[in-house]
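2 protein chains.
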Amino acid sequence: MLHIIYMEMNKSTILLGHGSGGKLSHELIASVFLKHFNNEPLMRSTDSALLHIDCNDIVFTTDGYVVDPVFFPGGNIGKLAVCGTVNDIAVTGAQPLYLSASFIIEEGFAFDRLEEIVVSMAAEAKKAGVLIVTGDTKVVNKGKCDKIFITTSGVGVLDKKFKHIAGAGECRPGDKIIVNGSLGNHGMAVMSSREQLHYHTPVESDCGSLYSLIRAVTEEVPVSFMRDATRGGLATVLVELCGMTKLGISLDEEHIPIDDSVRGICEVFGFDPLYVANEGKVVMVVPAAYSTKAVQIMQSMAEGKDAAVIGEITGTEKPRVILNTVVGGKRIMDMLAGEQLPRIC
Amino acid sequence: MLHIIYMEMNKSTILLGHGSGGKLSHELIASVFLKHFNNEPLMRSTDSALLHIDCNDIVFTTDGYVVDPVFFPGGNIGKLAVCGTVNDIAVTGAQPLYLSASFIIEEGFAFDRLEEIVVSMAAEAKKAGVLIVTGDTKVVNKGKCDKIFITTSGVGVLDKKFKHIAGAGECRPGDKIIVNGSLGNHGMAVMSSREQLHYHTPVESDCGSLYSLIRAVTEEVPVSFMRDATRGGLATVLVELCGMTKLGISLDEEHIPIDDSVRGICEVFGFDPLYVANEGKVVMVVPAAYSTKAVQIMQSMAEGKDAAVIGEITGTEKPRVILNTVVGGKRIMDMLAGEQLPRIC
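The listed protein sequences correspond, in order, to chains D and Y. Going by my numbering, the first sequence opens with residue -8, and the numbers climb by one from there. Going by my numbering, the second sequence opens with residue -8, and the numbers climb by one from there.
Don't read these hints as lab results, they were simulated from the structure. There could be a bad hint or two in this list.
Covered by chain D, according to a simulated footprint, are these stretches of chain Y (three or more residues, beta-carbon under 8 Å) [to be verified]:
| # | stretch |
| --- | --- |
| 1 | 5 to 15 |
| 2 | 39 to 47 |
| 3 | 86 to 92 |
| 4 | 152 to 164 |
| 5 | 204 to 217 |
| 6 | 321 to 328 |
With a straight-line cut-off of 27 Å between C-alpha atoms, the simulated DSS-like cross-links for lysine-lysine are [what the hints assert, rightly or not]:
| # | chain 1 | residue 1 | chain 2 | residue 2 |
| --- | --- | --- | --- | --- |
| 7 | D | Lys14 | Y | Lys309 |
| 8 | D | Lys154 | D | Lys26 |
| 9 | Y | Lys14 | D | Lys309 |
| 10 | D | Lys14 | Y | Lys118 |
| 11 | D | Lys237 | Y | Lys14 |
Beta carbons: idealized from backbone N, C-alpha and C, even for Gly.
Looking at chain D on its own, in the form it has when it is part of the complex:
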């Protein structure tokens, strides 16, 4: 009888033994990770993945995900962990190829929720054209972490012609600033879900891979710079860009796409949507002559249908981000000092 209870527990929740490196770990790896991530380098089941990469310029990145709640409208921590790392690579101009996934799981976490997370990671990886080739699982005692944390790292290959993008060295006064859609959805979706707020029009996270959209644009447009606008939102990306280029930025509030529902929640709770996190938004800087083309390419794709030119790079005399407000004022955008919304990713 006891044995049966143990076996059923074993199937329904994560035990400390699932992180031991022993039999239960092997069962978990086979029944969940190998099953869904299924690819040749992973299947060799060594601690390290052996990869053959036909390029010598490599992009390498990592991000830890601690989002609360683990499941939110439009995604979950697993989808987020894949998209986030894919996007970090894609915005350098590189093609994301391989991901690692390291799980820290609280003892007692439901097995089927873990599988749901892993299934969505596999689906998102497939969509972005990347393989999850190596991983790790640790289980900590109940109360020693909050349900599940996932750290993904990624490797991509960078074509020489895109090497300038990450450093923003080609940005020039007059270049246009483009964003591929409405801002603030991820942050407000997670916050609403965490606080169990219900609205007429529920806000969904924009969590999604940007690689296809970015590739489509970069094939036809000489992009000067791009960055995904995650923690800290659009404003933080642009403030950082100013710091890198020593060039000013002028933003037109009226052209910045923000959904009415997001704007409404932000107003009620006192958030500035320009600082709220996104997980499927890229900020691009392109020469003015190409801005219409870039926007058209984006608008032809689902993840870019609300793309818009929202401002431009100005001169060197005032290397600041100036927001031209709807009411005709000007506002200097600075970096956030503290934390606006913790555990948003």
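The hints should help you fit chain Y onto chain D, whose structure is shown.
What follows is chain Y alone, placed relative to chain D:
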């Protein structure tokens, strides 16, 4: 006055804002991570590191570290996170080159303890010849994780002539099994430290990078297989090797190096040292004709001074690990079912 208190707190403990991606994050990155990890790809301060690698066979690995306590005799979570990932790469026969480090920190964690961890990561990376080129920091509310978790991922390059090592395809009956020193020290050091046990001869973790030792051996010895004996200990590595090769293994208990202090603690608490975690031990399989040479090379180095031949690969008829005990019996070694010691790494 309030402002002063805030500033002092700000310096002495980690705040949620240090994980925001805003100003405090930037300060933390500059004052701790960039300061100590100081290297060119990291200094570019983009989310992803751009690397030029002159080899197309890449090894990619990841591991999450949740060790409790964070500081233990012989090391801390940071040293462990660097050594562990360096070793996972080194045992494939590859040269570790680049590491990422992703931190999940509990709000209120002492700033100087974090710096201490980062300093030891930098020192260990230097020793192993790797650069920590990219990273991430998340801060979660007090009580939502246990002090600090670190996930490191690593990239290395693999010379063609070592490609067989990870797969163990060259292991032949008669090959000798070698270990570079005494077993069980890491597990018993962490457990003793966690439970605040005090002994006459304190046990220190063997936590250390194995790359120099492995390179020294592989330059002169055609290694058939190697693996670091971490979670699950020596026994788990050998049981996995049996599964991969379908060959038996015969171990001689009398030749397996185990420190008296570790043996004593294991006896008192009922642990089998062959299953206890190590963090600086490699298990190597080499052709019999090279075993003396391999042991000599190891013994000439500090991290291999107690190296010994501990057994050999036997035939296909019984693909099991058999331990020939000191008292003349035989014991079949199997994989651990559950967790012997949680949060050992």
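How the hints compare with the structure:
Under a criterion of three residues with beta carbons nearer than 8 Å to beta carbons of chain D, the stated coverage of the stretch 5 to 15 of chain Y is upheld, 9 such residues being counted. As drawn, the stretch 39 to 47 of chain Y meets chain D at 9 residues by the rule of a beta-carbon pair under 8 Å; at three or more, the given contact holds. With 3 residues having a Cβ less than 8 Å from any Cβ of chain D, the stretch 86 to 92 of chain Y passes the three-residue criterion, so the hint holds. Counting residues of the stretch 152 to 164 of chain Y whose beta carbon lies closer than 8 Å to any beta carbon of chain D gives 3, which reaches the threshold of three, so the coverage claim holds.
Given as covered by chain D, the stretch 204 to 217 of chain Y fails the check, having 0 residues with a CB less than 8 Å from a CB of that chain where 3 are the minimum. Remark: the stretch 321 to 328 of chain Y is confirmed as covered by chain D, as 3 of its residues place a Cβ nearer than 8 Å to a Cβ of that chain, reaching the required three. Distance restraint check for lysine 14(D) and lysine 309(Y): the Cα-Cα separation of roughly 20 Å lies within the 27 Å cut-off, and the hinted pair is therefore satisfied. Restraint check for lysine 154(D) and lysine 26(D): the C-alpha separation of about 37 Å exceeds 27 Å, so the hint is violated.
A C-alpha spacing of about 20 Å is found between lysine 14(Y) and lysine 309(D), which places the hinted pair at or below 27 Å, so the restraint holds. For the suggested pair lysine 14(D) and lysine 118(Y), the alpha carbons sit about 34 Å apart, so the restraint of at most 27 Å is broken. Only pairs whose Cα atoms come within 27 Å are accepted, and lysine 237(D) paired with lysine 14(Y) is accepted, the gap being roughly 18 Å.
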